[in-house]
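Peer 1: Here's the letter readout for the chains.
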Amino acid sequence: MCSNSNNIYLPHLATIEAITDETPDVRTFKLVFQDEQVRDSFTFRSGQFAEYSAFGAGEATFCIASSPTRTGYIECCFRAVGRVTEALRALEVGDTVGVRGPYGNSFPIEEFYGKNLVFVAGGIALPPLRTAIWNCLDQRDRFGDITIVYGARTEADLVYKRELADWEERGDVNLVKTVDPGGNGAGWDGKVGFVPNILAEAAPSAVNTIALVCGPPIMIKFTLPVLEKLGFTDEAIYTTLENRMKCGVGKCGRCNVGNVYVCKDGPVFTARQVQAMPQEF
Amino acid sequence: MPKTITEHNLRLLIDSLLKDRFRVVGPRLAGAMALYEPLAKGEELVLDQLPRRSAKEVFFPVCENILSFERTEAGLQVTDVDLSAMSETVLVGVRPCDAAAVPVLDEVFSWDYKDEFFLERRRKTTIIGMACTKSDDACFCSAVGLSPGETKGSDLFLTPLLGGGYGCQVLTDKGQQLLARYPKLFVDTVDARLAPLAGGTGDRLDLKRIKAWLDDNFESPLWNDIAERCAGCGACAFLCPACHCFDINDEGTTELGHRRKHWDACGFGKFTNHASGHNPRDLQNKRYRNRIMHKFKYYDDKFGQTLCTGCGRCIRHCPVGIDIAAILREIESRSQ
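The listed protein sequences derive, respectively, from chains A and W.
Counting in my numbering, the first sequence runs from -5 upward without gaps.
Counting in my numbering, the second sequence runs from 223 upward without gaps.
Since the hints were derived computationally from the structure, they do not count as laboratory data.
Careful: at least some of the hints might be erroneous.
[Unchecked claim] Simulated restraints on C-beta separations:
id	chain 1	residue 1	chain 2	residue 2	range
1	A	T37	W	H496	48 to 54 Å
2	A	Q269	W	V542	33 to 39 Å
3	A	V75	W	T394	39 to 45 Å
4	W	G543	A	T148	36 to 42 Å
5	A	V75	W	D447	43 to 49 Å
6	W	P325	A	E86	45 to 51 Å
7	W	N287	A	P210	33 to 39 Å
8	A	G88	W	P325	29 to 35 Å
The model shown is predicted, which means the values in this text are computed figures rather than measured ones.
Glycine included, C-beta positions come from ideal geometry on N, C-alpha and C.
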C-alpha cells in the first residue's frame, strides 16, 4: 500500500485484533493499523467517524468508538443489517479491514474543562458518546460531576455491558441505566422507563453543565424538551447526526441536511445548530 | 489579427493530435446518437449535434476503479490506481453548456479533500469549445446567465464563420500551447465574419431572486406539485453536465475485485436510506426539492456558483415531461 498516495478513497489496512459481541447483532472490532507509520501517526478526536470496508462488499460509515486517550488501536461498533455490515460480521480475528478517516468534526472536549457533563444515549447510539466518556474519564480531574443516562429497549440491547459495570463501580460517575417497560429481566437492577422520562427523574443540574445526547431520532425529539426544562440552553446541548454517507469528504452529495453537510460540517452539532436546520433528518 | 481554422484543418488538427499520441475526445456518432467519445480520426467529429450525454464523463466517468484488491498468501493486498497513466487529452467540439459546467465541478472536487481522479484528468485535458448556431426548445443557457457563445471552461473557443470555418479565441495558456503546437493549421484572417449564434435560448432568469425564494421556502406546496409526476428514474441527473452525486461500491469477491466510484442520483429512493430503515428523504417531493435546492441554493451557498448550465437535457429526455426551466420561471414569479 502506498501511504504517500494522493488517492483520497484509498483506505488504510487494519487487522481485527479482537471481536466483542455487544448484543446478538451488535459487534465491536478492535483494529490495529498494519502500517507501522500509520499506527504511530493516526490521530483523531472524539466524535469523528471513518469509512470501514469489508473488501468485496464495500464501505460503511461508523464513528470511532474508542477514546483518543487510548492509543495504538481504534474500535468501531456496528449492527449487522446490510451487505457491508453482514460482510464485516463474517470476518474473524486476524482478518483485514479497510479504514478511511478520521473524518468530520468532533466534540470540543477542551471547552468542557471545568464543567459538569451529562451523557444521554439510547440503544446503539452509545458508541459516539462512549469515545467522549472515556476521553473525559481518562482526564477525570478536569471535569465536575459526570452523569450517564443510558437506555435500550431490552437488557439484551444494551451495548458495552462490561463498561456499564465499570462505570457503575467507579465512585466518580453517576450511571443511570434503564430499559423500556417490558425490556427488563428478573435480575435487572436498573430503571424501567424511556430515556427522556428517566432523565427527567434523574434531573441533573444544568448549572455549568454540558449535555451530550445521542440516540434514535424519536429519543432525541423527546429528550431535548426535558433538557430545556432542566434549564439547559441550546448551546449547552451537543448531539451527532448520523446520515447515510459514501465519500465522507463532502463530495458524493447524500448526507446533507439543507446546505449542511453532515460529513464536513458535522457529525457533531449543538442543539442550536440542529434547530436551525430544515426538517430533513 | 484574429486566428481562424477551416473545418478541414480542424479535422486535420484531430489527426495530428492523434499522431502525436494525444487522446482526442469529441462528439461522435455512436449508433443513433452523438456522444463525447474518443475519436479515431478527424472525420468522425460531429459538428451539428448536441451529444446525448454531457462532457462531464470525460473527467468524471460513469464508473471508474478507485482501487483493486486481492487476497494472497501474504494477506490482503490493495493496489492503488496509477493516475499518472491517464493520457493527455484534447476535448474538442464541446458545447458551451458542457464546457461551462467543468469549472463549476472543479469546486466540489477540489475543496478540502482533492479528488485526483477528477483533477488529474482536468489538468491533462485541453478543452476546445464551440459556439452554437442552432438551439432547440429545451435549450435555456441564456436563462441561467450563459449563452451560445459562452467561453467559460474553454481553453480555445471556436465560433463558426459565415462561409465556413471557425474564428478561434485563445482563452488560457493551455489553449495557447495547443495553437502554438500546430501553427500551420490556424491562419490569420482580417475580414472573418462570425455567423449569427443560436437564438431562443431563454430570457435571463434572476437567479438571485430564485435563490432568495429557495432560502425561505424549504417547506412549500410547490415541491408536491412538481414531484407528483417524477418517476425517480434519475435520467436528469445522469444527463446533467453538473450533477455529480456518486456512490462507492465493491465489485468482485472477497478474494479479488475492485472498488468503484460511479454515478448516482438524489432522485433515487434509496439514496439517503439509513441502515435502520429511516430515510430523511423518504418521498419523491423531498428528493426533487433536494435537486433544485442543490443546484440553485446549496451549491451557491457553498461555492458561489449555480449547478446548472441550461443545456436542457433533463427537459428533453424526462420521461414524464418535467421542465426545470419552467419550474425556475415559476419560482422567480413567486419571489418578491
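Peer 1: Each hint should be assessed against the structure and marked as holding or not.
Peer 2: For each hint, the structure was consulted:
1. A/T37 x W/H496: 48 to 54 Å: The hinted range 48 to 54 Å is violated for A/T37 and W/H496, with Cβ atoms some 29 Å apart.
2. A/Q269 x W/V542: 33 to 39 Å: 36 Å, holds
3. A/V75 x W/T394: 39 to 45 Å: 50 Å, violated
4. W/G543 x A/T148: 36 to 42 Å: Cβ of W/G543 to Cβ of A/T148: about 51 Å, so the range 36 to 42 Å is violated.
5. A/V75 x W/D447: 43 to 49 Å: 36 Å, violated
6. W/P325 x A/E86: 45 to 51 Å: 48 Å, holds
7. W/N287 x A/P210: 33 to 39 Å: Between W/N287 and A/P210, where Cβ atoms are some 37 Å apart, the hint holds.
8. A/G88 x W/P325: 29 to 35 Å: Violated: the Cβ-Cβ distance is about 48 Å, outside 29 to 35 Å.
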